[in-house]
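Student: So you can see what is in the structure, the chains are spelled out below.
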Amino acid sequence: MQRYLIKRLFHSIITLFFVSILVFVLVRLSGDPTYILLSQDAPPEAREAFRRDWGLDKPILYQYGIWLIKGVQGDFGESILRKKPALALVMNHLWNTLQLVLVAVTFAVVLGVVVGVTSAVNPGGPVDWIGRYFSLLGQSAPTFWVGIMLMLLLAANWNLLPTSGKGGFETFLMPAFTLGWFSAAAVLRISKSSMLDVMGSEYIKTVRAMGLPKSLVVLKYALKNAAIPVVTMISLQFIALLGSSVIVETVFAWPGIGRLAVEAIFARDFPLIQTLTLVFATVFIIINLMVDILYGYIDPRIRYS
Amino acid sequence: MVIHNKVKSVSDHRYQACQMLKAAFRGVPLGAALILTAVVCLGLFGSLLAPHPPTAMNTQAMLIGPFSHSSKGFHLLGTDQLGRDILSRIMAGSHVSLIIGLSAVFMAGSIGTILGILAGYFGSWVDSLIMRITDTMFALPVLVLALVLAAIIGPGFSNMVLILGLVGWTGYARLIRGETLRIKDGQFVKYAKIAGTRPLRILLRHILPNVMNSVIVMATLQLGIMIIAEASLTFLGLGVQPPTPAWGSMVNEGRMFLSTAWWISAFPGLAILLTVMSVNILGDWIRIKLDPKFRQT
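Residue numbers (my numbering), protein chains in the order written: chain A, 1 to 305; chain B, 1 to 297.
These are calculated hints, taken from the structure and not from any lab test.
Note that beta-carbon positions come from the ideal geometry of N, C-alpha and C, so glycine has one too.
All the pointers check out, no bait thrown in.
Here chain A is said to cover these stretches of chain B; the calculated rule only asks that three of the stretch's residues, wherever they fall, bring their Cβ under 8 Å from a Cβ of chain A:
1) 127-140
2) 144-157
3) 229-241
4) 254-264
Put together the whole structure using the sequences plus the hints.
Tutor: Have a look at this one:
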């Protein structure tokens, strides 16, 4: 286990290194920030001075070296747009996004697993029927449109919920539902099919034949064995939600890293984009690692070599 | 007599072909097939069928609701802030979603399949290199990567295909690499090698046909996602640019008029929903047909 973890950690660091190179090169290909942040008719000297101030006049390899050395020490430079340290800025926004994603994932998991397991235990029942349409719609509706339609109905027409921004719990409801619907559908489908597999297996038939009540069989014997694909799906969804937070945060004016990313990319804010993607990648890698460790607890047959 | 037999055998063949066709389409979800056929027809002839020119503005009839008339005629789904007919714009916009979606899936599938086969078949450093690239791409949110690429290559129709193709291939690469590893150990590949078949021929004649089913299954899963991804990028303003009508940008334009003219955002989004839903339903059907696990029945 320990050796496995060290190996994984080593792989993660390499991946992060590659991510940093990829993004560093990509953002520098994406255009000249002086044309976006300075006025159109700024004199060439002003552009030169701007590039010198932000270190953009040096060769790219030199720029990367400087950035890497400083980055290892925890200094990711200053956001050109907001004039604040990039890392602190990203961390502030990261917490807002994580809160939203956690609420959305909780919603998706609770709803997906409960409805999925119920439909697998009683196939063809009303829950199965509703669940089928819920998941079909959830996997087909574009997130940004769902958000706008919710805003239209619940906020603009009926005045039930605040339109946008982050505040108390009621401000979480619409963005979290919008963000979580797709994932709820995915979790529902996988937990249903996984549960159907387990319910059809020999050992479940045996305990059923021995006369144990259905609810006990489901709760005690079936659930844990059906959990592995579901856990994989949840981790995938957690990652997918962090990605689609870009859309939901833009629609609901949520002060998170998704919206910050859109802002930074539009403004060619190089230090901010670099820090953001590195933080995204780190979070992704941590989640994947946590899931791998979790497997060992759910299924003792899985041993790490 | 001979002639009679021949005629009979021709009609027999025809009968068999008919039966095979019937079997191929058995259980096809009709509603979804109909909607998708309609969307494809719109994609091909949308701008011809549209009741109004999709980019024609009409200052006399701005923001009028569904089922209303203007000097230019009847507007089934209303008009937008510039007096353009929403229905016509949706019809004209369908080819953006369809063509970008299909081409992006084709591109992502091709890149991913080629790299996956190469990684699986050759192993060693080729495998390590391709898998490190895949890991790197997996560690970044698809949309953020697409946004950065859009900022580099610029917005527009063919660039969207390129961007979505470049961010969408990693899933195929992982899947096909695994498949190739499995197939590579098969007897027929070993015999082909012993017979002196060149690697390229082995890849094309022995490996590729055997992974095609998985590629198609993955592609059916991805098409809906690609259509939504295109609409999302266009919604954020980095995709297909106005005045070309596209469903994503139409939803975005309607945001400003949400409380007064809900139809501007609502109907294009509904078009995306219906299209993607039909794609998903038909995809499920194709998947069950192709997946050997379900094929017993």
